[in-house]
Amino acid sequence: MKFTVDWLKNHLDTKFNNNQIIDKLTNIGLEVESFESSTSELDTFIVAKIINAKTHPNADRLKICDVDIGSEKTIEVVCGAPNAKNGLLTVYAPPGSIIPKNQMKLSVSKIRGVTSYGMLCSESELLLSNESDGILELKNNKYANKIGEKYFKKTSEKVIDLSITPNRPDCLGVRGIARDLSAAGAGKLKINKKSNLKYRGNQNINVTIKKEKAQGCTTFGSCLIKGVTNKESPKWLKDKILSLGQKPISAIVDITNYVMFDLNRPLHAYDADKIDNEIIVRSSSKGESFEALDNKKYILENDMCVISDRSGVLGLGGIIGGTRSGTEYSTKNILLESAYFLPRSIRKTSKQLNIDTDAKFRFERGIDPLSIEEGLIKASELIKQICGGEISNLDVKKIENYKKTIINFDPFLFEKTTGFNVENKELIKILEKLGFNVSKNKKILKLVIPSWRPDITQPIDIVEEIVRIKGYEHINTSEPIKTRLKPTLNYYQKLFHFLQRSVASKGYLETVTWSFTDSKINQLFKENDEEIPIVNPISSDLNVLRNSIFPNLLFYLKKNLDRGFKDISLFEIGPAFKGKNPGDQLTVIGAVRAGKVSRLSWNDKERIVDTFDVKKDVIQSLCEAGINKDDIIIDDKTPSYYHPGKSGGVYQNKNDKNAVAYFGEIHPNIIKKLDIKTEGLVIFEICLDCIKESKQKIKDSKSEYKFSDFQKSERDFAFIINKNFKSQELVNIIKSVDNKLIKSVKVFDVFEGENIPEGKKSLAVNVTIQSEEKTLNENNLDNINKLIISSVESKSGAKIRS
Amino acid sequence: MSDIIKIKDDYINKLNTENNVDKVNNIKSELFGKNGIISNEFKKLGLISVEERKKLASDLNNVKDELQNKISIKIQEIETKEINLKLEKEKIDVTLPERDIEIGKIHPVSQVIDEISSIFSEIGFSVEEGPDVENEYNNFTALNTPDNHPARDMHDTFYLDNNKELLLRTHTSPVQVRTMLKGKPPFKIIAPGRTYRSDSDQTHAPMFHQVEGLHIDENINMGHLKGCLNYFIKEFFEVDKIKMRFRPSHFPFTEPSAEVDIGYEIKNGKIVIGEGNKWLEILGCGMVHPNVLKNVKVNPSKYQGYAFGIGIDRLGMLKYGINDLRAFFETDYRWLSHFGFDPLDVPSNYRGLSR
Numbered sequence: 170m171k172f173t174v175d176w177l178k179n180h181l182d183t184k185f186n187n188n189q190i191i192d193k194l195t196n197i198g199l200e201v202e203s204f205e206s207s208t209s210e211l212d213t214f215i216v217a218k219i220i221n222a223k224t225h226p227n228a229d230r231l232k233i234c235d236v237d238i239g240s241e242k243t244i245e246v247v248c249g250a251p252n253a254k255n256g257l258l259t260v261y262a263p264p265g266s267i268i269p270k271n272q273m274k275l276s277v278s279k280i281r282g283v284t285s286y287g288m289l290c291s292e293s294e295l296l297l298s299n300e301s302d303g304i305l306e307l308k309n310n311k312y313a314n315k316i317g318e319k320y321f322k323k324t325s326e327k328v329i330d331l332s333i334t335p336n337r338p339d340c341l342g343v344r345g346i347a348r349d350l351s352a353a354g355a356g357k358l359k360i361n362k363k364s365n366l367k368y369r370g371n372q373n374i375n376v377t378i379k380k381e382k383a384q385g386c387t388t389f390g391s392c393l394i395k396g397v398t399n400k401e402s403p404k405w406l407k408d409k410i411l412s413l414g415q416k417p418i419s420a421i422v423d424i425t426n427y428v429m430f431d432l433n434r435p436l437h438a439y440d441a442d443k444i445d446n447e448i449i450v451r452s453s454s455k456g457e458s459f460e461a462l463d464n465k466k467y468i469l470e471n472d473m474c475v476i477s478d479r480s481g482v483l484g485l486g487g488i489i490g491g492t493r494s495g496t497e498y499s500t501k502n503i504l505l506e507s508a509y510f511l512p513r514s515i516r517k518t519s520k521q522l523n524i525d526t527d528a529k530f531r532f533e534r535g536i537d538p539l540s541i542e543e544g545l546i547k548a549s550e551l552i553k554q555i556c557g558g559e560i561s562n563l564d565v566k567k568i569e570n571y572k573k574t575i576i577n578f579d580p581f582l583f584e585k586t587t588g589f590n591v592e593n594k595e596l597i598k599i600l601e602k603l604g605f606n607v608s609k610n611k612k613i614l615k616l617v618i619p620s621w622r623p624d625i626t627q628p629i630d631i632v633e634e635i636v637r638i639k640g641y642e643h644i645n646t647s648e649p650i651k652t653r654l655k656p657t658l659n660y661y662q663k664l665f666h667f668l669q670r671s672v673a674s675k676g677y678l679e680t681v682t683w684s685f686t687d688s689k690i691n692q693l694f695k696e697n698d699e700e701i702p703i704v705n706p707i708s709s710d711l712n713v714l715r716n717s718i719f720p721n722l723l724f725y726l727k728k729n730l731d732r733g734f735k736d737i738s739l740f741e742i743g744p745a746f747k748g749k750n751p752g753d754q755l756t757v758i759g760a761v762r763a764g765k766v767s768r769l770s771w772n773d774k775e776r777i778v779d780t781f782d783v784k785k786d787v788i789q790s791l792c793e794a795g796i797n798k799d800d801i802i803i804d805d806k807t808p809s810y811y812h813p814g815k816s817g818g819v820y821q822n823k824n825d826k827n828a829v830a831y832f833g834e835i836h837p838n839i840i841k842k843l844d845i846k847t848e849g850l851v852i853f854e855i856c857l858d859c860i861k862e863s864k865q866k867i868k869d870s871k872s873e874y875k876f877s878d879f880q881k882s883e884r885d886f887a888f889i890i891n892k893n894f895k896s897q898e899l900v901n902i903i904k905s906v907d908n909k910l911i912k913s914v915k916v917f918d919v920f921e922g923e924n925i926p927e928g929k930k931s932l933a934v935n936v937t938i939q940s941e942e943k944t945l946n947e948n949n950l951d952n953i954n955k956l957i958i959s960s961v962e963s964k965s966g967a968k969i970r971s
Numbered sequence: 553m554s555d556i557i558k559i560k561d562d563y564i565n566k567l568n569t570e571n572n573v574d575k576v577n578n579i580k581s582e583l584f585g586k587n588g589i590i591s592n593e594f595k596k597l598g599l600i601s602v603e604e605r606k607k608l609a610s611d612l613n614n615v616k617d618e619l620q621n622k623i624s625i626k627i628q629e630i631e632t633k634e635i636n637l638k639l640e641k642e643k644i645d646v647t648l649p650e651r652d653i654e655i656g657k658i659h660p661v662s663q664v665i666d667e668i669s670s671i672f673s674e675i676g677f678s679v680e681e682g683p684d685v686e687n688e689y690n691n692f693t694a695l696n697t698p699d700n701h702p703a704r705d706m707h708d709t710f711y712l713d714n715n716k717e718l719l720l721r722t723h724t725s726p727v728q729v730r731t732m733l734k735g736k737p738p739f740k741i742i743a744p745g746r747t748y749r750s751d752s753d754q755t756h757a758p759m760f761h762q763v764e765g766l767h768i769d770e771n772i773n774m775g776h777l778k779g780c781l782n783y784f785i786k787e788f789f790e791v792d793k794i795k796m797r798f799r800p801s802h803f804p805f806t807e808p809s810a811e812v813d814i815g816y817e818i819k820n821g822k823i824v825i826g827e828g829n830k831w832l833e834i835l836g837c838g839m840v841h842p843n844v845l846k847n848v849k850v851n852p853s854k855y856q857g858y859a860f861g862i863g864i865d866r867l868g869m870l871k872y873g874i875n876d877l878r879a880f881f882e883t884d885y886r887w888l889s890h891f892g893f894d895p896l897d898v899p900s901n902y903r904g905l906s907r
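Which chain is which? The protein sequence lines are A and B, in order. Positions 170 to 971 (our numbering) are the ones given, in order, by the first sequence. Positions 553 to 907 (our numbering) are the ones given, in order, by the second sequence.
What the hints contain is simulated information worked out from the structure, not anything from laboratory work. Note that this is a predicted model, so its numbers are computed, not measured. Yeah, the Cβ is synthetic: ideal placement off N, Cα and C, and Gly gets one too. Any given hint could be a false lead.
Claimed, not checked - Chain B side only, calculated, beta carbon under 7 Å to chain A, not exhaustive:
1. V573
2. K643
3. T647
4. V661
5. I671
6. V679
7. F710
8. L718
9. R749
10. S752
11. Q754
12. F760
13. P800
14. P808
15. M839
16. S853
Model the full structure from these sequences, guided by the hints.
In structure tokens:
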């Protein structure tokens, strides 16, 4: 909402200076976005001096002028004026300027082979006079030291731009703003002058508001103004319209706009002679159409509130008028409309047709239903004053009467809500200045809500009115209450923080990427999940919710590889979506590692990252987050985007259905499809929601502290075993031989090839044996060894390697 | 007697010039071996008179001690020399690079969320969460923003269906609704998380982060709101004084509503929070609207309280001097390395929020 301080002062008697007004506006909830002079097309024209004027080599009547425009270098301008001569002070328009006379935009151009940067202007080009014979000659004594300055003085007043919250339609008019300021002590609201307008005759175009279920209009006020002379608006009116950032059109249109911004009362003027017999306010039928004043043709749906005549639709009530009945300079008789349209109806129609106008913006928020006559009178007066004509009696048709809103307000609610007290006297004064009618019934205030405040419906609204006018600075700053109702984080929130930081501590950079992604990449990772398209995506390559974190991670991995980075570790922790309903999401970690380990190392052999790098990262992170390593079980079934032979799943318990994590190489087809160029690429993912919450805290679930000081023995075994036999199984078989004595089993060698039969491999394990009761003698140890060998051989089909 | 002294002096001299451990050992057996010179002298003791024996034995023992002592010192001396020589040869260039350090980082948004959680934890708030996909009711209607409300235009919403029933939450406020619907007052929570709006330019990203705050009890008023936010801002920016301004504003789900500005100035091209006479809007807040409380089955005549919503990314930008919001989400390795935080740098009250 834009307006000038002058305009405000039409409604407000104030001693406040501009800055005080600005501060006050912000303090009462009318946020000032800016306070500055509106920029003008004339700003570019500057005072300049011709330093040297020489004849154009290719044209006798043209001159090439070196022009001093107040900057370091002179500018070369080609000029045809006979009076262009050395030392002349004149007005220069740089390229990009719009010449007032013909509204042409200047560009750098070649005139007969010589480039001209801008133009020197004549009086007629600047609309100063009709003098067009030569360029403007400025007086030396006045302009000699103003070279480079703007020629046109800033005459435009500074404009206040307010950002009005959607609950305050009343402040979409200058008068409403003045009222708020007066309530806040910034002056006195001026009383509207009683009109002494003389009406003659009746408004004889019949108006009917059809009683329909979807009727969006409740009141339609109008008057006829006959014998007007439409013309350009006078300067004061033009200035007002310009200060709003709008273009003056004609006196009649400008007046209706002026009243809208002045009183927040939208009006519409019809050329009465173009109305076919009568006005019918009704709901549209699907397929009806009309051409609107924005020069677009709209095809209507059912139940849109239209103003029509016998020939059809004239306009959309409260939104936009039509060209068929629009006013022109030649218009002689006008019908002026001042109506009330229901916000809901306006909003629905404008959404469907995608129209945004100043009138729509206001009606949608709620216009004062009792401002119908006021608007008609104010506009008619101005029209009569500027365009002449005779005004008919006002005709107001209604299908509904305005009902007052009454609120019983207990002033205690104010203190209870804000924490501070305002005397009843002051409180009543504030409300009365805002237009409330206040009467007292013991402690309770009976308030009649002003008709221009549709936002006020209940006592809390009254609290807000009082506190914002009184000032938020009066609210105390209480010490924070430290009472705690429950622990800050629950199990999964803690897990989130632990895993986030433990993965990062393995050398991964955490990233945050969009929750949406490109469906083309997403489908490579979505497995059996449903695709979740966004109806209105920000762009076609961010058109679905991500089913996995990897589409984005790999997309950005590629970007970083393209930047020339080779060894990259990235991870993200966040949502992966499994369905389109709220809650169909899992919190997951996705991590990628690309490139080599020990690249260009002077002492270590460099190698490509592999599955066991990420396996370490994922297992270690899980352990750090509190999962017991001994419970972890590895499986080789993984989603299809993993390399089928080089990936694994991590399970928390033997019989779990869902893996808590996966790790491994990514499927080579995907690397190819995404065109990722790197030596190696391994990934892992952890599903936080798949991790089971342990019933006990770690501190409570620790086993008793036991240790043995008896001598321990280590024995190595090598088994020849089927190639596909999992080392994990072998370890389990050995452990199960004697859970008490066998303290650890470590696989230290895997070998295939020479001396090993086809389809077999050699697995070498180191077994630590220790008793908690005694030192084992050779005999005991031999027995265990034999047991280990026989168990492994019988349970796995392996043979001890001799 | 003089014989022994002479032997001693001879061997001391010999040992002084000796540099070989083996040779020293030879001397040792020459002196103390089975038929060693000193051993033999001891054997002679049995042949002399008791008086002489006493004297000689004492002298002999002294000589023995002295020589043995000399020998062991000598051996140690030679060994030390040899070890030093060996170590000198083993010297390596310690300025050669160590094995690769893999430095991981925590994203600034995560760090700031942890900082915020730590601060509010100190004053008794617990952390709640809600889904990123919301229904229209929780995101708007329950929050007193019915379908025909123009305030909806301020939220450019991503929809998941044509009926506009399912959407990506435009703010974290639906967590208020969920929290209150599933529990009983009092409530004292914060809810950080992702939020989405379908606009994208230099200062807007289609996804960003907010933290919601909600404190509902029997007598929570605007003074508590002011106190809570004043505490938070001071703690977060780690300054003693903060210039803060509450401005009336409007949100459908709070009344009275306020926007909060903090004072700042530009010093040497950098934003300094807490001083100066410029204002920066950083959050919106207010007293939870009675309509919202009714919608979530909380009795507004008994309970009241405040709610606030803070832009996390924006706070992070201010605190850590990050200029470009879009860069948060572009996964540029250089940016993540530069602005990221060490994983061990866990924000906490006792050791200071930031390092």
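Here is what the structure says about each hint:
1. V573: violated, 35 Å
2. K643: violated, 16 Å
3. T647: violated, 12 Å
4. V661: holds, 5 Å
5. I671: violated, 10 Å
6. V679: Check passed: Cβ of V679(B) comes within 6 Å of chain A, closer than 7 Å.
7. F710: Status holds, d = 5 Å.
8. L718: holds, 6 Å
9. R749: violated, 9 Å
10. S752: holds, 5 Å
11. Q754: violated, 14 Å
12. F760: Result: violated, 10 Å to nearest chain A Cβ.
13. P800: holds, 3 Å
14. P808: holds, 4 Å
15. M839: M839(B) check passes; min Cβ-Cβ to chain A is 6 Å, inside 7 Å.
16. S853: Hint on S853(B): violated, closest Cβ of chain A at ~10 Å, above 7 Å.
Hints 1, 2, 3, 5, 9, 11, 12 and 16, counting from the list given before, are not met by this structure.
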